[in-house]
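Construct all of the structure, not just a fragment, from the sequences and the given hints.
These protein sequence lines map, in sequence, to chains A and B.
FYI, in our numbering the residues of the first sequence are 1 to 201.
FYI, in our numbering the residues of the second sequence are 1001 to 1201.
I should point out that these hints are in silico values taken from the structure, not numbers from a laboratory.
It cannot be assumed that every hint is accurate.
Stated by the list, open to error - Label pairs and their calculated CB-CB ranges:
#1 Ser1194/B / Gly179/A: 53 to 59 Å
#2 Ala152/A / Asn1145/B: 23 to 29 Å
#3 Ala1090/B / Ala158/A: 49 to 55 Å
#4 Gly1055/B / Gln102/A: 51 to 57 Å
#5 Gly179/A / Leu1181/B: 45 to 51 Å
What the hints assert, rightly or not - Per the computed footprint, the stretches of chain B lying under chain A, defined by three or more beta-carbons under 8 Å from a beta-carbon of chain A, are:
#6 1005-1016
#7 1147-1158
Where is the CB? At the ideal position from N, CA and C, for every residue including glycine.
Protein chains: 2
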Amino acid sequence: MKFSPLVQELIDSLKCLPGVGSKTAQRMAFQLLERNRQGGEKLAGALAKAMTEVGHCQQCRNFTESELCEICASPKRKIATQLCIVESPADVIAIEQTAEFQGRYFVLMGHLSPLDGIGPNDLGLDILENELLKGQITELILATNPTVEGEATAHYIAEMAKHYQVTISRIAHGVPVGGELEYVDGNTLSHALSGRKNYSV
Amino acid sequence: MKFSPLVQELIDSLKCLPGVGSKTAQRMAFQLLERNRQGGEKLAGALAKAMTEVGHCQQCRNFTESELCEICASPKRKIATQLCIVESPADVIAIEQTAEFQGRYFVLMGHLSPLDGIGPNDLGLDILENELLKGQITELILATNPTVEGEATAHYIAEMAKHYQVTISRIAHGVPVGGELEYVDGNTLSHALSGRKNYSV
Ligand SMILES: [Zn+2]
Ligand SMILES: [Zn+2]
Chain A
1 MKFSPLVQEL IDSLKCLPGV GSKTAQRMAF QLLERNRQGG EKLAGALAKA MTEVGHCQQC
61 RNFTESELCE ICASPKRKIA TQLCIVESPA DVIAIEQTAE FQGRYFVLMG HLSPLDGIGP
121 NDLGLDILEN ELLKGQITEL ILATNPTVEG EATAHYIAEM AKHYQVTISR IAHGVPVGGE
181 LEYVDGNTLS HALSGRKNYS V
Chain B
1001 MKFSPLVQEL IDSLKCLPGV GSKTAQRMAF QLLERNRQGG EKLAGALAKA MTEVGHCQQC
1061 RNFTESELCE ICASPKRKIA TQLCIVESPA DVIAIEQTAE FQGRYFVLMG HLSPLDGIGP
1121 NDLGLDILEN ELLKGQITEL ILATNPTVEG EATAHYIAEM AKHYQVTISR IAHGVPVGGE
1181 LEYVDGNTLS HALSGRKNYS V
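Structure follows, in structure tokens:
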């Protein structure tokens, strides 16, 4: 005994979402069918459109339905000489929200992960190297996550980039602003110590 | 700064799924766009079809894309005199898997919940009463969940059903088979004690 064919198909399809198992998929399907058909139809439309129309920006690899993303298409950014390398589109938004950076981005859409079969070309590093070849970029800011994989990816890109006329920098590790020292993990704390700066009063 | 319009729309739409907030919706959208377009398209199709074609069985209220669900349409079940009341389609499947029950079901699709504005008619109790009026049903098995809401719903239905010629029963509370007494909560344990049966050897 199973659910009716269309309900079962919906439950099975929902399991393609990350972190969604059988029980959660069931709960989602029942909730939409019983209480939110309109939301379900809206989601169906948004999914269908996004899956077929969203591609990658030809320059930075971020998701976009145009040839160039909004940032790459902006005249002010086109002449930028700084390129900030991030792992995900969400990182671009986080950095944009600081309003500290006026350069361009390059979105890896992940990090090197040999076990998952994700190598340099899956991260578009060939496209990145072409960008460096053009000679417009003078600084490469490595803003991958401060995780083992993020550090390994940053290291790999730095190795590649040192053949070009470009300054390579890494975002600073340290104590989060507003954090309390006693709750900061030891690794972060030793980074914060070794990365200490002169403090003039 | 936001994601591109179609990506943002996808993220917003995913938030209609229960338990999915902004961060989870983002992760889901990126995962589908980057690693599983095929799964995303399949989900879009399954959703669109289910939202428009799945309705309720005219007899038991379970989800079905036909007029009657598979169980209600089965000739053997049509002549059944037992009616088992459950809260959700998943409960029907759980009981069917025991192969202990050959009667019909009535699916409430929830439980009484005044705070959420869910009253008797939202649970189809008018349809249930019509069923009782027909006089075919001789036993009503209340199999709502052993929760406060489930008990209240069972109580409400029992009050309604006592005006009809029908035996009313409630599934037994007690110690789960294979469980250890010391880990069973006190409420369940007192139900297990007061519901004790003669044990003949
Ligand atoms: Zn771009
Ligand atoms: Zn039915």
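Numbers of unmet hints, in rising order: Numbers 2 and 7 - these are the hints that the structure violates, sorted from lowest upward.
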